[in-house]
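*Asks:* Protein chains in written order, with the working numbering: chain A, 1373 to 1485; chain B, 2 to 115.
Be careful, since some hints might not be right.
Said to hold, decoys possible - Think about it this way: if two alpha-carbon atoms lie no more than 16 Å apart in a straight line, the pair counts; the simulated EDC-like pairs of lysine to aspartate or glutamate are: (1) K19(B) <-> E63(B); (2) K19(B) <-> E80(B); (3) K71(B) <-> E23(B); (4) K71(B) <-> D39(B); (5) K4(B) <-> E1414(A); (6) K1377(A) <-> D39(B).
Said to hold, decoys possible - Stretch-level coverage of chain A by chain B, calculated; a stretch enters the list once three of its residues show a Cβ under 8 Å from a Cβ in chain B: (7) 1410-1417; (8) 1471-1481.
Honestly, the hints are just simulated from the structure, not real lab data.
Since the model is a prediction, treat every value here as computed from it, not as a measurement.
Idealized CB from N, CA, C, for every residue including glycine.
Each chain, written out:
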Amino acid sequence: DQQVKQNSPSLSVQEGRISILNCDYTNSMFDYFLWYKKYPAEGPTFLISISSIKDKNEDGRFTVFLNKSAKHLSLHIVPSQPGDSAVYFCAASRTGTASKLTFGTGTRLQVTL
Amino acid sequence: DVKVTQSSRYLVKRTGEKVFLECVQDMDHENMFWYRQDPGLGLRLIYFSYDVKMKEKGDIPEGYSVSREKKERFSLILESASTNQTSMYLCASSLSTGGRETQYFGPGTRLLVL
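With the rest of the complex left out, here is chain B (with noise of 0.2 Å):
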């Protein structure tokens, strides 16, 4: 069974501090995600990556940077927390397999900034 994990369910922090979450997979998984998910706008992806040490945008990296030392880790860090991140963080990890890959995913970390 595939577990992903997310090292906060919920998280409180103020306007401009730092904000590190972390996510680990099990599974020896090649890909790994952050989504944002909002109400009214499904989830959307942040950054993915698909190997150590490599990183791609998504569709809105603006304000987040993420960081991949380890296969099994990949963590998301708002350098400069604001009011409009707050939201609910999922992360994801998936196989290469060439394609058709299925994601699977952490129970997410709900971000409040204040």
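One chain only, chain A, in its complex shape (with noise of 0.2 Å):
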């Protein structure tokens, strides 16, 4: 059962122009999300995230949109730079599970000149 599901496994875009990648969760108990970058070869690294508290954060070029009803959220990435090109996870958790994290499946972004 995936309660996390990223349903595009790639995305390919333009330099200096948006990138979006969409998430989509089911446990409506999920009030903490975040996103991850990942190289080949590397662990994940954290990116952005958001409390389900607020609809959007923002942080320079990456903003993550939270839609509570839908279930869904999205990280924009403007302008595109080719250095984003990696496998995008977000991830939910709810508070009192430990920081336990769910993950998405991932999207692989290719940031093309």
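Each chain sits in its own coordinate frame; assemble them with the hints.
*Replies:* Listed below in structure tokens is the structure:
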């Protein structure tokens, strides 16, 4: 039972354009969401997070939007750069679960010149 | 800067061997985790520990065990390796703050079981 889903396995975007990565979840108890970025042969690195009390969080070129009613979140990267090419995982957790995260299956982003 | 290190980057073992994967973190984090990453399946939690000598099963604990004798070290043990345990293994740690913790990952160990 995949509680966190990333339905697009891959995405290709031109440099300078916006990248939008999507994530859906089914467990309404999730109240904290994170995005991680992973390069090949490296561990995932934390990118940005959002609490369920917010609908938007911004950090430089990265913005995460949360739509609780639709159980959907998205990561926007503007402008996209070649160094953003990586696999992006969304993850979710709920209060009281010892920071246990449930991860999506990942989206491979390729930013082309 | 949080540092999570894993004992090996690449490992090749034979079916039936006992395999130890070690993880060390240097930030005095209470929580430690073991995941495996497989194509199309994302990261799946095998075991986690929120204190020394404490452990809890994750989503796919079968065929694995763990040990946490010291706060900074969390070991994953494959008692009798099988080919379906060929995977990328990732260790992570986080500080307990009552919620909203960020997990920090090691570089991963790519295990091939022949």
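*Asks:* Taking the hints in turn, state whether each one holds.
*Replies:* Here is how each hint holds up against the structure:
no.: 1; hint: K19(B) <-> E63(B); result: 15 Å, holds
no.: 2; hint: K19(B) <-> E80(B); result: 5 Å, holds
no.: 3; hint: K71(B) <-> E23(B); result: 12 Å, holds
no.: 4; hint: K71(B) <-> D39(B); result: 29 Å, violated
no.: 5; hint: K4(B) <-> E1414(A); result: 13 Å, holds
no.: 6; hint: K1377(A) <-> D39(B); result: 15 Å, holds
no.: 7; hint: 1410-1417; result: holds (count 5)
no.: 8; hint: 1471-1481; result: holds (count 8)
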